[in-house]
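Enquirer: Listed here are the chains, written in short residue letters.
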Amino acid sequence: MAAHAERPDLDPRPLHLVQILTHVRKKLYICSVKIIKGIGILVLFLAIGEAVSYFIGHFLPGSVIGMLLIFAALMMKVVKPEDIRTVADFLTGNMTILFVPAFAGIIDQWGFIRLHFWGWIAIIVITTALVMLSSGAAAELAASIKNRKTKE
Amino acid sequence: MIKEALINTPMMLALTIGAYVLGVFVRKRSGLGWLHPLLICLPVIISTLIIFNIPVETYNEGNRIIYFLLGPCVVSLGLKMYDSRKMIRENLLPISAAVVTGSIVGVFGVWALGRLFGLPGDMVTAMEPKSVTVPIAMDIVESLGGNTALIATSVVLTGFTGAFLGPIILDLVKIKNPISRGVGFGCAAHGVGTAKALEEGALEGAVSGLCIALMGVLTAVIVPLFNL
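If you're matching them up, the sequences are chains W and Y in order.
Following our numbering, the numbering of the first sequence begins with 1 at its first residue and continues without gaps.
Following our numbering, the numbering of the second sequence begins with 1001 at its first residue and continues without gaps.
Keep in mind that the hints were calculated from the coordinates and are not lab data.
Small disclaimer: the values here were computed from a predicted structure and weren't measured.
Where is the CB? At the ideal position from N, CA and C, for every residue including glycine.
Warning: the hint list may mix true and false statements.
DSSO-like mimics (lysine-lysine), calculated; alpha carbons at most 27 Å apart, straight line [to be verified]:
| id | chain 1 | residue 1 | chain 2 | residue 2 |
| --- | --- | --- | --- | --- |
| 1 | W | Lys77 | W | Lys34 |
| 2 | Y | Lys1080 | W | Lys149 |
| 3 | Y | Lys1174 | W | Lys34 |
| 4 | Y | Lys1080 | W | Lys80 |
| 5 | W | Lys26 | W | Lys37 |
| 6 | W | Lys77 | Y | Lys1080 |
| 7 | Y | Lys1080 | W | Lys37 |
| 8 | W | Lys146 | Y | Lys1080 |
| 9 | W | Lys80 | W | Lys27 |
| 10 | W | Lys77 | Y | Lys1086 |
| 11 | Y | Lys1086 | W | Lys80 |
| 12 | Y | Lys1176 | Y | Lys1086 |
| 13 | W | Lys146 | Y | Lys1086 |
| 14 | Y | Lys1086 | W | Lys149 |
| 15 | Y | Lys1174 | W | Lys149 |
| 16 | W | Lys146 | Y | Lys1003 |
| 17 | W | Lys146 | Y | Lys1174 |
Taking CB as the label site, the calculated pair distances span [said to hold, decoys possible]:
| id | chain 1 | residue 1 | chain 2 | residue 2 | range |
| --- | --- | --- | --- | --- | --- |
| 18 | W | Ile36 | Y | Tyr1067 | 19 to 25 Å |
| 19 | W | Ile145 | Y | Thr1058 | 53 to 59 Å |
| 20 | W | Gln19 | Y | Tyr1067 | 43 to 49 Å |
| 21 | Y | Leu1092 | W | Gly57 | 28 to 34 Å |
| 22 | W | Tyr29 | Y | Phe1068 | 25 to 31 Å |
Go ahead and model the full structure; you've got the sequences and the hints to work with.
Expert: Now the structure itself:
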């Protein structure tokens, strides 16, 4: 019977409705605090990133600086990964919808793009193939150099 | 009367989310893996705006919250980098060699081909960070004062091209090592490529996802240097 007192889900006795509601509310509260905390941390690092970006004359975007800073903070254990994981996974998992609105601007730009349409398409296709070839080959080459060194 | 009442800013946000959910739903129901949600979502939004003659400013006004989330989304990639720290340590040399090569080839390739095809300078500048994930690419172009709509479209087209051509190119040059394949997808085709890399294997997908963040950082450094 003692085990059942610690694990209410194993208790065969019917739960009182009030008990269930308190349990659910507690769970929801923990969850919502986690979300607010995660948003707070991410926005704080974005804000610091923007401030640093201002001082270096916007050489790097604030968001990229914020990303590097939060990576450093995670490595130095200043920020706990569990604190931001819920929000961070939500944002990176739904990234596609975040850039949908940017496309609407294409309506205003279409006249301009149409003039150079085929050049635009050709650049995209050719450079994508080049980047894939060169980065894949570079990784392959570096890996083979590393393997040769470890064998010797 | 009805039209004026319906064109309000929350409705524009609802249009974005509705069109996206429709895209996800159609892909799930049709079972066609190549049918990316964007391929349905974008035509729906653009044709709605044109048919009802809604100004793009009104649409942007309603979607300001989504624009704002791009910043925290880039910061979130820091957690992805942290999660793959073990892989970075084990494969430091191949990954860094690939990211350095990929970002330089990407930026320089766009510039050189743009010159060759006689494209206007501001259009070329707005295409330079096109191998990088959309939120970072948009931030890079924005800080240069370029055209964000053009870069967003270029980046997504790059993603589709890379995901489509990637397996063919990598097989052609006989790159078989999962790390090199993952690196190729991540450096050339960001998120869309990573989805394709995940189909090949978990290791390919993880390496590819890591390269998204690293390419973003390096390209963000190279593009302003290149435009000095």
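Enquirer: So if I understand the rule, the pair passes when the alpha-carbon distance is 27 Å or less; does Y/Lys1080 with W/Lys37 pass?
Expert: Given that 27 Å is the threshold and the Cα spacing comes to 18 Å, the pair holds.
Enquirer: Against the 27 Å threshold, does the CA-CA distance of W/Lys146 and Y/Lys1174 hold or violate the hint?
Expert: OK: W/Lys146 and Y/Lys1174 at ~19 Å, within 27 Å.
Enquirer: Decide if the proposed pair is consistent with the structure: W/Lys146 and Y/Lys1003, CA atoms, cutoff 27 Å inclusive.
Expert: 65 Å, violated
Enquirer: Below or equal to 27 Å on CA atoms is what counts here, so check Y/Lys1080 against W/Lys80.
Expert: Roughly 13 Å between the alpha carbons, so the hint for Y/Lys1080 and W/Lys80 holds.
Enquirer: Mind checking the alpha carbons of Y/Lys1174 and W/Lys34 for me, to see if they're no more than 27 Å apart?
Expert: 47 Å, violated
Enquirer: Check whether the Cα positions of W/Lys146 and Y/Lys1080 lie no farther apart than 27 Å.
Expert: 25 Å, holds
Enquirer: With 53 to 59 Å as the target window, see if W/Ile145 and Y/Thr1058 comply at their CB atoms.
Expert: 56 Å, holds
Enquirer: Could you grab the alpha-carbon distance between Y/Lys1080 and W/Lys149 and see if it respects the 27 Å cut-off?
Expert: 30 Å, violated
Enquirer: Has the given pair, W/Lys26 with W/Lys37, been kept, meaning a C-alpha gap of at most 27 Å?
Expert: With Cα atoms ~17 Å apart, W/Lys26 and W/Lys37 stay inside 27 Å; holds.
Enquirer: For the pair supplied as a hint, W/Lys77 and Y/Lys1080, is the alpha-carbon distance within the 27 Å limit?
Expert: It holds: about 15 Å lies between the C-alpha atoms, which stays within 27 Å.
Enquirer: Hint says 25 to 31 Å; check whether the CB-CB distance for W/Tyr29 and Y/Phe1068 agrees.
Expert: 26 Å, holds
Enquirer: For a C-alpha distance cap of 27 Å, please report whether Y/Lys1176 and Y/Lys1086 respect it.
Expert: Satisfied, since the Cα-Cα distance of roughly 22 Å is no more than 27 Å.
In this structure, the hints that do not hold are numbers 2, 3 and 16, in rising order.
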